[in-house]
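A.B. asks: Given chain X, work out where chain C should sit, using these hints.
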Amino acid sequence: MGAALVAEIVVKAKIRTLLERLGEFPASPEALRDDADLHAAGLSSYGTVELMVAIEEEFGVEFPDTLLTRATFGSIEAVAAAVSSLVGAGAAAREEAA
Amino acid sequence: MTATLIEHTPAVRFRDELLRAGLLLATGVDGVYGRAERFDAVVEAVEKLIGRRAEGDNAELMRFPPGMARPAFEASGYFRTMPQFVGTVHCFCGDDTDHRRALECHALGGDWAEEWRSSDVVLTPASCYPVYPIVARRGPLPEGGWLVDSASWCFRREPSLDPVRMQMFRQREQVCFGTPERIRAFQTRWMERALAMFADLGLRAATDLANDPFFGRPGKVMANGQRSQRLKFEILVPISDPERPNACGSFNYHVHHFAEAHGITLANGEVAHTGCAGFGLERVALALFRRHGLDAASWPVPVRAVLWPSEA
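These protein sequences, in sequence, are chains X and C.
Going by this note's numbering, the first sequence opens with residue 1226, and the numbers climb by one from there.
Going by this note's numbering, the second sequence opens with residue 973, and the numbers climb by one from there.
If we strip away everything but chain X, and leave its shape as in the complex, we get:
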């Protein structure tokens, strides 16, 4: 299994854990497919904000304004893609600085 695939699986597992901890999310994240619509599954607008804050803390990233949209938090897959792009960008910036 490639390193990138392992990283993706880890990111998605962490996102499921964060969803599980949300006070206002009625669905079971374990039972959700990666591409399932989180909003349809009961992720409220405030739940979206809680998820955003939790992800920023967990991964040490900050979503730029362009990613502060409903679509970014539309599915586990979409959130993972956003996180990977931010973590990747952060790592690249650190390498450049080093």
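Since the hints were made in silico from the structure, they are not lab data.
Just so you know, not all the hints are guaranteed correct.
What the hints assert, rightly or not - Covered stretches of chain X (chain C as the covering partner; in silico rule of three or more C-beta atoms under 8 Å from a C-beta of chain C):
id, region
1, 1267-1274
2, 1289-1300
Stated by the list, open to error - With a cut-off of at most 30 Å between alpha-carbon atoms, the simulated DSSO-like pairs for lysine-lysine come out as follows:
id, chain 1, residue 1, chain 2, residue 2
3, C, Lys1204, C, Lys1192
4, C, Lys1192, X, Lys1239
5, C, Lys1020, C, Lys1204
6, C, Lys1192, X, Lys1237
All residues carry an ideal CB built from backbone N, CA and C; glycine is no exception.
C.D. replies: Same frame as chain X, but now just chain C:
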């Protein structure tokens, strides 16, 4: 230099005109005004006009004071999403010693209010907010849902030199409870009614998709969600600045936000959906003064006939 710029904004010029004409009375706080009889007569006429446009809806009338219960306010989540607008009521709960300390503090130029504590009253941010807990306490909604016609003084902490942006103002707001289809139909009906009403008042109005001014970075996600789901529309009219029309009313679909927050269910036990259609009464009055002049007696006869039909 800055002072010169401020003096020349259309908003400040309009405010000065209103104050000079004696329609609004300065209190020393931006956005908090006294109202002269000639101003309030228009506000009252606008409110009655909205009431006439709602005739036949068989809505339950509810009228509220400017404050609401803190637990209901907290349940609504308003302070989580728009903390910048919130006004809480603080009261003195101390004894003689605390009172003396407050007076001494004031004499020394300090803040006497530090001895005051937050109470169980919060200033109402929108007329519909006190409605939800009352409807919730009655149990499941009747078949077909429910409709409330509410009015309240409201408070939003956004001091501004623009008279359109008041901190304390009145709202007349219809609140609809039921299925998603019922709420969407209600939202559309009131947007059509509002456009017709403003046209009858000789005001150039347009409706547009909108979002609430949610606070901070999280607020950007919420605003985006509100827009992408087409939950909020406003009716915009040029008032202070012809180039920048202001919202005089809004038509909102809350999905199940308020119903879940307060426990409001349909007759079949499912979580209800809610929506509201509200007008800022002072803003409509200001739009009229701006469009037709500061002397309501000289407004066009058809406009006066719409506002004061008994005089026609």
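A.B. asks: Which of the listed hints are not met by the structure?
C.D. replies: Violated: none.
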